[in-house]
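Engineer: When you get a sec, could you build the whole thing from the sequences and use the hints?
6 protein chains.
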Amino acid sequence: MKAYLNRRYRFSASHRLDNPAMSESENRACYGKCNNPHGHGHNYIVELTLAGEIDKDTGMVCDLAELDRFMREQLIGPMHESNLNQQRLLDGEIPTTEALSKNIYEYVKKNFRKADLQRVRVEETAQNAFEFHAPNASHRF
Amino acid sequence: MKAYLNRRYRFSASHRLDNPAMSESENRACYGKCNNPHGHGHNYIVELTLAGEIDKDTGMVCDLAELDRFMREQLIGPMHESNLNQQRLLDGEIPTTEALSKNIYEYVKKNFRKADLQRVRVEETAQNAFEFHAPNASHRF
Amino acid sequence: MKAYLNRRYRFSASHRLDNPAMSESENRACYGKCNNPHGHGHNYIVELTLAGEIDKDTGMVCDLAELDRFMREQLIGPMHESNLNQQRLLDGEIPTTEALSKNIYEYVKKNFRKADLQRVRVEETAQNAFEFHAPNASHRF
Amino acid sequence: MKAYLNRRYRFSASHRLDNPAMSESENRACYGKCNNPHGHGHNYIVELTLAGEIDKDTGMVCDLAELDRFMREQLIGPMHESNLNQQRLLDGEIPTTEALSKNIYEYVKKNFRKADLQRVRVEETAQNAFEFHAPNASHRF
Amino acid sequence: MKAYLNRRYRFSASHRLDNPAMSESENRACYGKCNNPHGHGHNYIVELTLAGEIDKDTGMVCDLAELDRFMREQLIGPMHESNLNQQRLLDGEIPTTEALSKNIYEYVKKNFRKADLQRVRVEETAQNAFEFHAPNASHRF
Amino acid sequence: MKAYLNRRYRFSASHRLDNPAMSESENRACYGKCNNPHGHGHNYIVELTLAGEIDKDTGMVCDLAELDRFMREQLIGPMHESNLNQQRLLDGEIPTTEALSKNIYEYVKKNFRKADLQRVRVEETAQNAFEFHAPNASHRF
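Residue numbers (this note's numbering), protein chains in the order written: chain D, -12 to 128; chain U, -12 to 128; chain A, -12 to 128; chain R, -12 to 128; chain E, -12 to 128; chain X, -12 to 128.
Heads up, some of the hints might be wrong.
Incomplete in silico selection of chain A near chain E, CB under 7 Å [stated by the list, open to error]:
no.	residue
1	Cys17
2	Phe57
3	Glu60
4	Gly79
5	Ile81
6	Thr83
7	Glu85
8	Asn90
9	Ala116
10	Phe119
Which residues of chain D face chain E? A few of them, derived with a C-beta cut under 10 Å, are [stated by the list, open to error]:
no.	residue
11	Asn6
12	Lys20
13	Tyr31
14	Glu34
15	Thr45
16	Glu68
What the hints contain is simulated information worked out from the structure, not anything from laboratory work.
Heads up, the beta-carbon is just placed ideally off N, CA and C, and yes, glycines get one too.
Structural biologist: Next comes the structure, spelled out in structure tokens:
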């Protein structure tokens, strides 16, 4: 019987949506004002869901302080007050929030091993959020 | 590997809960003050979840502007500042939020084809929300 | 030296904006869809601000349980799940949120005497709020 | 075809994280400041998700007034403005929010029979939430 | 006796804090990561407070549809999904949120005459907000 | 012409309301369940409002990093995950949120000199907030 931990982080960043393989007018048609050359930005919220047994000794799924240190040092710190088009995490992908949620999912899945990542949710605005999770997750949301 | 887009819309409407097949006292026992003949109302929030591949060219699951246009023209616009007992969408069903979420789900599933609707959530108050999704959804929440 | 207590209450109600002294087309021009004959509704939030000395014995400005009882019995209870056009509090005034905040202000000012009402704020939606307070309030917001 | 009802409750409580089977320094290493002997506290939010058919006569999944009465009398009332280390619900378990979500899940599953409990979510802070649900739930979140 | 209308608008934008009259290291010391050459961004919320008599015929302080049209056409539309360093509204000032609130205040005060602007509040993040209002406002907040 | 900076901080703490000068039954009558000997707790939000000229060189009212360092080291850090009855800041006063807002006001007013403190607001729950400010503040809220 597993429990699920949800943890939220915040960062502020800018981005510009532009695909160099498309023409200027195709980019404008596809991305609208998000294609303007000077970019725009958001206050992003990242929510992780991790599954684990409740440890009999501690009563906890995982050590939150350890998770926070990992996230702040490796992901949130570098992205906060940055431009996402410059982020190595995205490695040249167009910095849509879809791509952001996928890349955060893959990075945490590979590098944080103290609990089992199930889902990454990234809120771009109060109206908009994207989620990513593996198709074979034992637990789905 | 699919990503999931969540998009929120708001509208304000009134409703009265009353089943004409039940007696006045049965209606009062069933619905309490929600059965008062003059109705009451809410600020509703509708959240859709749609699944899709992240398009390689655009980095997006689906064109949000297109989804917004569909929702505003066909559902949110007609319901905003209306009385739900008058809505054709509900077609004579008692306008509970359960019925609202089911009918929005069925309408979007049938009429919006650019991404795969997974779930409709309707928040009636800050304490209350109802969700609807097909039993055979490939991804469940 | 005074402290200020802010207390929030919630209720859900419907209303229709219509001035019988105006023609049908004037009403439509003035109120738009809010004039539709079947009404619409909101989840309202009422926030009171009351001033008072911090009592030396209790450390409190006023007994919150007493304020809550007053508000629930005399205002929030009767308005919750009602139609505002029927409310005696508004006494035939057009049930705009401006009128609601003014009438709640006047009712509480006159009838609750355990602390000094400074302001009433009524939130109609997440985008909209109205406030009312006397012009000669010793403390202004 | 089932619909899902989500309902939220709030309570304020204190707790201290301390495992009597561990030494003082082990407890301090494990729980940090949450191990301080005087405790600390939170405004908790409990969200239940229940599944059910939409009743043909009433349009509802379950009678919310009945659910609210059950929750307030048996769980939220006793926990509000209490210390969780004293709660019989937790029966001597360390009052982490993981344990709280598991015990609320088990209690509601066993004792509320008017709809089918799917999930319990407990929010400890705006950054933190825990969820619990049975591994063989017919519907997963 | 006046009532006060509060109205909220949202836009997403990027900015870079950099004073060309200061050296690179002075800019870095003053603005930290907000000085990075690629900028970052936010979801901004603008809240206006306007005072007015409650009109005897309409029950309203001012026509919200008219205020919304003014704000969307002249301020929110041009700023949404833009870079604030490019905005003519700021006219070369460093685009801090302090400067933004002051310039929005001055623009609305001068150009919207249907109600009396009292205050502009700009929220940059959930932790941060700036306000501006004239020192001789008849009503203060 | 001054601008106003609002900055929010969060901490979680427990408290017990009990006046040793009153009898057990008087305490129970006065504080209800908040008088239970094991205490309870909250997620508190502290919002400061500070006034200042917008600096011509930096475009800012005051250096937020400096304010954050002051608040975290001297107030928020010591109170987070603590019991307020043990806090020296309150110096034996009954730890109501009224007393908390007054003492935070007086401490910041005396010890932080880079901008002019106007107001302290402490939110105890989503329904409840207390504010404190000096009667002769040049700007009032």
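Engineer: Thr83(A) was flagged as interface toward chain E. Is the shortest Cβ-Cβ separation under 7 Å?
Structural biologist: Result: holds, 4 Å to nearest chain E Cβ.
Engineer: If you take the shortest Cβ to Cβ gap from Gly79(A) to chain E, is it below 7 Å?
Structural biologist: violated, 11 Å
Engineer: For the hint on Tyr31(D), just tell me whether its beta-carbon gets within less than 10 Å of chain E.
Structural biologist: holds, 9 Å
Engineer: Next item in the hint list is Lys20(D). Is there a CB on chain E closer than 10 Å to its CB?
Structural biologist: With a closest approach of 4 Å, the Lys20(D) hint holds.
Engineer: Does the CB of Glu85(A) sit less than 7 Å away from some CB of chain E?
Structural biologist: holds, 5 Å
Engineer: If you take the shortest Cβ to Cβ gap from Glu34(D) to chain E, is it below 10 Å?
Structural biologist: Where the cut-off is 10 Å and the nearest Cβ of chain E is about 15 Å from Glu34(D), the hint is violated.
Engineer: Go through the hint on Ala116(A) and say holds or violated, using the shortest Cβ distance to chain E against 7 Å.
Structural biologist: holds, 4 Å
Engineer: Just to be careful: measuring from the Cβ of Asn90(A) to every Cβ in chain E, is the smallest value less than 7 Å?
Structural biologist: violated, 11 Å
Engineer: Hint validation: Glu60(A) versus chain E, beta carbon distance must be below 7 Å. Holds or violated?
Structural biologist: Violated - the Cβ of Glu60(A) stays beyond 7 Å from chain E, reaching only about 26 Å at its closest.
Engineer: Holds or violated: is there a CB of chain E closer than 7 Å to the CB of Cys17(A)?
Structural biologist: OK, holds: Cys17(A) within 7 Å of chain E, min 6 Å.
Engineer: Going by Cβ atoms only, is Ile81(A) closer than 7 Å to chain E?
Structural biologist: Since the shortest Cβ distance to chain E is 4 Å, the answer is holds.
Engineer: Close enough to count: is the Cβ of Phe57(A) nearer than 7 Å to one in chain E?
Structural biologist: violated, 23 Å
In the structure shown, a violation is registered for the earlier hints numbered 2, 3, 4, 8, 11, 14 and 15, in ascending order.
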